[in-house]
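Asker: Here is how the chains run, residue by residue.
Protein chains: 2
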Amino acid sequence: MSIERLIDEEPIVATAGVEILQQALVDQAASSAAAEWRPPAAGTEDALARLAEQGLTESANKTAIERMLAVRPELVDVAIARDVIPGMTDTMFLHAGPPLTWERSSGPIRGALIGALLYEGMAASEEEAEEIGRWGGITMAPCHHHQTVGPMAGIVSPSMPVAVVRDANGDGIAYSTLNEGLGKVLRYGAYSPEVIERLQWMDKVLGPVVAATLKHVGPIDLQALIAQALQMGDDGHNRNRAATSLLLRALGSGLVENESVPLADRAEVFRFIEGNDHFMLNLVMAAGKLAVDAASGVAGSSLVTTMARNGTDFGIRLSGTGEQWFTAPAPIVDGLYLGAFTKDDANPDIGDSAITETVGLGGFAMAASPAIVGFVGGTASGAVRRTRQMYEITLAEHPAYQIPQLEFRGTPVGIDATMVVRTGVQPQINTGIAHKDPGIGMVGAGLVEAPMECFTKAVVALAETL
Amino acid sequence: MSIERLIDEEPIVATAGVEILQQALVDQAASSAAAEWRPPAAGTEDALARLAEQGLTESANKTAIERMLAVRPELVDVAIARDVIPGMTDTMFLHAGPPLTWERSSGPIRGALIGALLYEGMAASEEEAEEIGRWGGITMAPCHHHQTVGPMAGIVSPSMPVAVVRDANGDGIAYSTLNEGLGKVLRYGAYSPEVIERLQWMDKVLGPVVAATLKHVGPIDLQALIAQALQMGDDGHNRNRAATSLLLRALGSGLVENESVPLADRAEVFRFIEGNDHFMLNLVMAAGKLAVDAASGVAGSSLVTTMARNGTDFGIRLSGTGEQWFTAPAPIVDGLYLGAFTKDDANPDIGDSAITETVGLGGFAMAASPAIVGFVGGTASGAVRRTRQMYEITLAEHPAYQIPQLEFRGTPVGIDATMVVRTGVQPQINTGIAHKDPGIGMVGAGLVEAPMECFTKAVVALAETL
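Those protein sequences? They're chains L and S, same order as listed. Using numbering that gives the first Met the number 0, the letters of the first sequence map in sequence onto residues 0 to 465. Using numbering that gives the first Met the number 0, the letters of the second sequence map in sequence onto residues 0 to 465.
Honestly, the hints are just simulated from the structure, not real lab data. It cannot be assumed that every hint is accurate.
Quick list of simulated restraints, FRET-style, between CB atoms [stated by the list, open to error]:
hint, chain 1, residue 1, chain 2, residue 2, range
1, S, K203, L, T341, 30 to 38 Å
2, S, S191, L, E193, 50 to 58 Å
3, L, G86, S, L262, 53 to 61 Å
4, L, G180, S, R387, 53 to 61 Å
5, S, T341, L, G338, 25 to 33 Å
6, S, S124, L, A223, 20 to 28 Å
7, S, R133, L, S380, 52 to 60 Å
8, L, G180, S, R103, 52 to 60 Å
9, L, G338, S, R387, 45 to 53 Å
10, L, G180, S, G136, 55 to 63 Å
11, L, E193, S, G180, 39 to 47 Å
Among the chain L residues that face chain S by a calculated CB cut under 7 Å, a handful are [what the hints assert, rightly or not]:
hint, residue
12, Q27
13, S30
14, R37
15, M231
16, F269
17, E406
C-beta atoms are modelled at their ideal positions from N, C-alpha and C, and glycine is treated no differently.
Based on the sequences and whatever the hints tell you, model everything.
Answerer: In structure tokens, the structure reads:
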């Protein structure tokens with residue numbers, strides 16, 4: 000500010016904290032501006048002081064975010080889960096979010112597990128599948144523990160085809176299921192015959208055809224594709240129309256000319272991807288999983304390496320606390336509902352897809368995606384405002400993922416848990432909403448904030464590691 | 000404004016017109032705000048008064064804009080120019096912009112005519128082609144006189160394949176060439192062997208394959224496609240990456256499975272469109288041509304139905320003055336240059352592509368397309384500001400073409416020539432830049448304003464029709 004402005008303009012009192020001070024100024028008709036300031040979240044003062052005193056966190060975070068941003072994800076193959084996912088067994092069923100038991104599972108997780116048991120031929124009926132779940136006939140494990148991510152219920156069963164995403168700059172590999180489309184689909188907890196038939200088609204036709212096409216056209220650089228999609232109005236989470244279009248452009252010549260695959264199958268696969276603008280979501284998620292796994296395990300780092308929900312709990316993990324989860328009850332999503340569904344039908348927040356927000360996409364990139372508000376609610380200007388706010392709790396601006404509307408500023412990336420508890424700004428996530436009962440499916444989409452409790456627990460635990 | 004604000008806040012003097020009044024306030028340190036006001040363009044006061052007195056223009060404009068917005072363009076076919084374009088003869092060469100002779104033609108028009116003569120086999124060498132042009136061996140006519148539009152030089156010769164776009168809501172038909180890509184291409188005045196070979200491939204392979212694919216997949220609703228593309232960061236003029244992606248999605252299943260076309264040709268066509276993000280431009284233009292032709296010929300209407308440039312003149316037409324052109328020297332474009340090229344290499348503004356701005360796209364929709372500034376220059380915030388300004392000179396907000404960033408407001412559409420001369424706000428156009436010499440090609444892209452002289456002449460002429 001120039002010295003002239005100090006002389007020429009009337010002074011304005013800036014206030015922070017207790018509202019009564021600001022109110023006193025307003026009552027006296029004095030100009031004032033209140034900073035949106037809150038004290039650090041309760042119970043974290045000591046931990047923050049200890050981390051500051053120790054002085055390790057800054058350099059640890061630098062290392063962790065550098066590792067996260069160095070990853071170059073490439074889609075290289077589609078394979079069957081049991082053949083490639085480390086630690087996967089014939090009775091293992093992966094799910095979204097932090098660890099969970101059948102008893103604590105919400106409706107959509109139970110519904111998707113029932114569907115997956117029917118699909119695997121391990122149960123002949125809904126009742127039988129529930130019985131198997133109850134007596135512990137399957138092993139449940141978080142996707143995140145197996146280099147894998149899954150949207151919504153996130154169920155990955157042994158026979159499902161999974162995308163294989165490799166780090167071209169390192170040796171990381173990550174996996175995700177292939178996206179089924181919207182509506183009555185397994186990941187939203189539906190398990191009717193059409194859902195099971197689609198899953199069977201996906202392992203018999205979709206997976207092998209995409210795998211053969213990738214062999215024909217070569218690996219697909221997912222980072223370049225996602226970066227382009229952000230310039231085309233995607234956010235990388237609930238709007239993937241541009242990325243899906245670009246993926247289909249990249250696969251298309253192979254689908255036209257690869258005669259090693261029956262023509263009818265190639266045409267069917269083209270139509271399936273063409274008809275599903277969310278197809279890229281799962282691949283963006285696998286790309287994100289590579290990035291967070293690369294950033295994990297840096298002693299002292301407060302970088303958030305996981306935000307994931309299982310429909311019961313919301314869980315986060317930090318780089319400096321490794322495999323440990325910090326959980327809180329999963330919140331209810333504020334959203335737009337399909338048809339006659341209302342908030343009363345909504346299951347609490349669910350899915351590994353908040354990995355997109357963990358790597359600077361989704362709710363963190365909504366300024367690039369004004370059209371998304373038609374799907375998740377809110378306004379375009381609100382989307383810009385919320386993205387701007389996320390810079391307050393992140394360590395970097397993404398070098399590849401840029402927001403044209405903010406004059407090509409990089410998206411806010413790398414959530415620092417200490418900044419979340421200091422500022423009181425919670426990470427914004429956009430997400431689909433599943434029905435709370437098993438067997439129904441999608442009921443809407445909306446916005447939600449990661450619970451503060453996860454971050455306060457995590458910061459306290461991080462301080463204890465030092 | 001609430002009455003409290005009048006009492007509580009310091010008054011600000013609003014000024015308009017002569018700057019000395021505003022300056023006097025500034026000198027006295029009084030708060031003031033200058034409106035960007037200019038008197039109507041010189042020589043138009045009488046015409047504006049006469050139009051206002053007559054009182055016909057408002058209802059005439061309502062009729063004209065309604066006709067423009069009622070059009071529903073569909074891509075239905077690709078055919079050979081001589082077979083379908085009304086009035087086309089074997090020696091007719093259509094060009095962009097208002098009427099032109101060989102003598103007054105700029106470099107890119109001459110270059111493209113030379114190339115077209117070589118392509119048609121009417122000349123064996125550059126020299127022979129120039130000779131034919133000079134002695135009048137071909138008939139030159141504006142595309143706009145033949146239900147056709149062409150970008151840049153806009154040359155349409157008898158053997159070229161043209162897209163056929165029909166009005167699903169009426170009986171209009173419009174035509175455009177197919178887009179060749181960027182760089183060394185005929186429409187920028189290049190005519191080297193690679194240019195001619197590409198044109199030959201376009202009539203032998205591209206045209207027939209797209210035509211056969213359209214028969215297979217059915218007509219493509221261009222308005223729906225363009226509307227979606229605006230939600231994906233396109234402007235419809237110099238950024239057509241999303242629209243081209245969506246077109247390829249629409250054509251793709253046909254390219255995969257239509258075995259009536261040789262597989263190698265289908266694969267080549269997929270790759271050609273995939274490699275050319277400007278492919279949709281020509282189709283957007285043909286869709287626009289349908290709209291402006293539907294709006295033409297309404298007595299008393301000051302709606303602009305044509306803005307087009309031939310590299311020498313910038314010309315406009317109004318609905319109420321029918322076929323009459325109002326021209327001014329084509330301006331130089333302010334832009335970003337490729338490689339070592341500079342403004343000194345630039346030909347004046349050229350092409351029928353300003354039809355996109357005439358129908359509420361291009362420069363009028365740049366707020367939807369922040370990423371376009373990487374191609375044409377300027378800033379994202381400037382793009383929003385300029386779109387907002389275009390609402391001052393337009394009759395409507397487009398019901399289908401919406402701008403998410405402006406909370407889904409329709410694009411400003413239907414330029415009213417009387418509003419242009421009253422406000423002094425000139426229509427903003429974004430455009431490619433051709434080298435001024437024949438045979439070179441594209442040198443950059445940028446922004447330009449339609450010359451005020453066209454609008455003053457048009458308004459005076461419109462008043463004379465009453």
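Asker: Decide, hint by hint, whether the structure agrees.
Answerer: Cross-check of the supplied hints:
1. The hinted range of 30 to 38 Å is not satisfied by K203 of chain S and T341 of chain L, whose Cβ atoms lie roughly 59 Å apart.
2. The hint said 50 to 58 Å for the Cβ distance between S191 of chain S and E193 of chain L, and at roughly 56 Å that hint holds.
3. For G86 of chain L and L262 of chain S, the hinted distance range of 53 to 61 Å is not satisfied, since their beta carbons lie about 43 Å from each other.
4. For G180 of chain L and R387 of chain S, the hinted distance range of 53 to 61 Å is not satisfied, since their beta carbons lie about 38 Å from each other.
5. For the hinted restraint 25 to 33 Å between T341 of chain S and G338 of chain L, the CB-CB distance of approximately 59 Å leaves it violated.
6. Between S124 of chain S and A223 of chain L the Cβ separation comes to about 44 Å, which falls outside the hinted range of 20 to 28 Å.
7. Between R133 of chain S and S380 of chain L the Cβ separation comes to about 59 Å, which falls inside the hinted range of 52 to 60 Å.
8. As the Cβ distance of G180 of chain L to R103 of chain S is approximately 58 Å, the hint placing it in 52 to 60 Å holds.
9. About 37 Å separates the C-beta atoms of G338 of chain L and R387 of chain S, a value inconsistent with the hinted range of 45 to 53 Å.
10. Taken as a hint, the range 55 to 63 Å holds for the pair G180 of chain L and G136 of chain S, whose Cβ atoms sit roughly 59 Å apart.
11. Under the hint 39 to 47 Å, the C-beta atoms of E193 of chain L and G180 of chain S, about 43 Å apart, fit the expected range.
12. Checking Q27 of chain L against chain S by beta carbon gives a least distance of about 13 Å; that is not within 7 Å, so the hint is violated.
13. Residue-level restraint check for S30 of chain L is violated (minimum Cβ-Cβ distance to chain S is 11 Å; threshold 7 Å).
14. With 7 Å as the threshold, the beta carbon of R37 of chain L stays out of range of chain S, its nearest partner Cβ sitting at about 30 Å, so the hint is violated.
15. With its C-beta approaching chain S no nearer than about 4 Å, M231 of chain L sits inside the 7 Å limit, and its interface hint holds.
16. This hint holds: F269 of chain L has a C-beta 5 Å from the nearest C-beta of chain S, less than the 7 Å allowed.
17. Interface restraint check for E406 of chain L: the shortest CB-CB distance to chain S comes to about 5 Å, inside 7 Å, so the restraint holds.
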